[in-house]
Amino acid sequence: MFSIPHPGNFESLKIIVDEINKLRRINKKLRKESFEVYMGFPEFIGTGRATLYKPNFEDLAKQVAYTKKNNIRFEVVINASCIGGIHLTPKGISYINWIFSQLKNIGIDSVALSDPYLVDLAKNNGLDVNVSCIALVDSLDKAMFWDEKEVYAITLDSSINRHFDIIQEIKENVTCKLKILVNEACLYKCPMRIQHFNFFSHVNAQNIPALDDYYYNKCINLRIKKKELIIKSPFIRPEDLKHYKNLVDIFKISGRSHPIGWIKRVINAYLSERWDGNLMELLDCPRELEHFYYLDNRALDGAIEQWKSCNKLCSKCNFCKELAENALKVKG
Amino acid sequence: MKNKILNDREEIEKFFIKLLGREIFISEMDVFASKCSCVGIMLTVRGLFIDDVEIFKEKILNKLEDLAKSYNIGDDWIFIRVLPGSDDVINIGVRELCDICREEYKFKKPRPDLISLKI
Ligand SMILES: [Zn+2]
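Heads up: the sequence lines are chains Y and P, in that order.
Following numbering that gives the first Met the number 0, the numbering of the first sequence begins with 0 at its first residue and continues without gaps.
Following numbering that gives the first Met the number 0, the numbering of the second sequence begins with 0 at its first residue and continues without gaps.
Derived from the structure by calculation, the hints contain no laboratory data.
Just to be clear, a hint being listed does not mean it is correct.
Said to hold, decoys possible - As a list, the in silico DMTMM-like pairs of lysine to aspartate or glutamate whose alpha-carbon atoms are at most 20 Å apart:
| id | chain 1 | residue 1 | chain 2 | residue 2 |
| --- | --- | --- | --- | --- |
| 1 | P | K105 | Y | D295 |
| 2 | P | K108 | P | D87 |
| 3 | P | K34 | Y | D295 |
Excised from the complex, chain Y in its bound form (with noise of 0.2 Å):
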């Protein structure tokens, strides 16, 4: 299955539905594919990500009728990784269970979550859940620990993108689907990744006049000076989702708050699983580099292979500091 970004608005949803429809016609592979499109649903929980569209209970009604009728999944993500503990007072609690039961009432497939708390309200309320990535989950113990709660997914933590024996091992040992994050390219085990999802949960639920974005700019700028740090990044190629196909059940594609013509260009990537070209143009989180770097996707053919069976002792081996040099270069 795949998973896509949707911004939130119908507009947006049209375009995207249009864009699989389009796809399942020309690509006799896709017609046996399913499909979900999951959007952000701010409310005063945040979400993990700039949300730019906040639909009421009406307009939400309308678009899941419409994926339904495309047969397509819809979900929803209230993801944020701080709440301010209002969760667990009484008023919370009522307000949370009031809109998870809107939620069910609309029809919405799953919502996605990072709190177990909410995990255990929403599972209360008859929903579906999906365990954010922000739920960090990143080795076996954690992924049963969400096992447990029976949900539908777990989204791995895209730091072990690329750690198949970790993936391996919780793929038999769940019972749950596996969801895993092919376009994010947020840094190698971010030292900065909690506190940039507090500052979005709390900026995107409250409007608090944020002044900058640190944690962003400082990600740029290390990018910048260590170029290597792009390589390492835990990005899957199209042409590499091959290899995760018998790992995991579900490629979500990252980048809901991106314009609708660029999430076109990376659905078409990924669905048709080969791009041509600057792979920087497909990845998610920090766009702001695609137009620093040329990222040449055919210079990554077969990495893979090196990153299935490496053993992350990163300072004995310099295989991505190498293919830095030969695959990346600095546009003119």
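Following the hints, position chain P with the ligand against chain Y.
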């Protein structure tokens, strides 16, 4: 050039005040060039709503086209950006698009917070 930008910021603020008959603030006017090779003009605005822009769309477009022309900037794309979840317009932009950005922005709503007035 510095004085031209200073004058133009003031002039376009006056234009909006006269057009709408109330206080509109253009707190900043930027003339920019992107790495991707887009160039453009970006206005930061307070006090303007989507409705205002829809009602006076023609007049606003004419004004922005003239402004862009005076900087020798193409007006491929004229758009507004709203505060997510509200009707408040916070940016008005004119942009001469590069090929990649043209593909990305060629929709009425390329992103939920962006509304194209002309593409
Ligand atoms: Zn551009």
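How the hints compare with the structure:
Between P/K105 and Y/D295, the direct Cα distance comes to roughly 26 Å. Violation of the 20 Å bound is thereby established for this hinted pair. Using a Cα cut-off of 20 Å, the hinted pair P/K108 and P/D87 holds, with the two alpha carbons roughly 16 Å apart. At most 20 Å may separate the alpha-carbon atoms for a hinted pair to count; P/K34 and Y/D295 meet this at roughly 19 Å.
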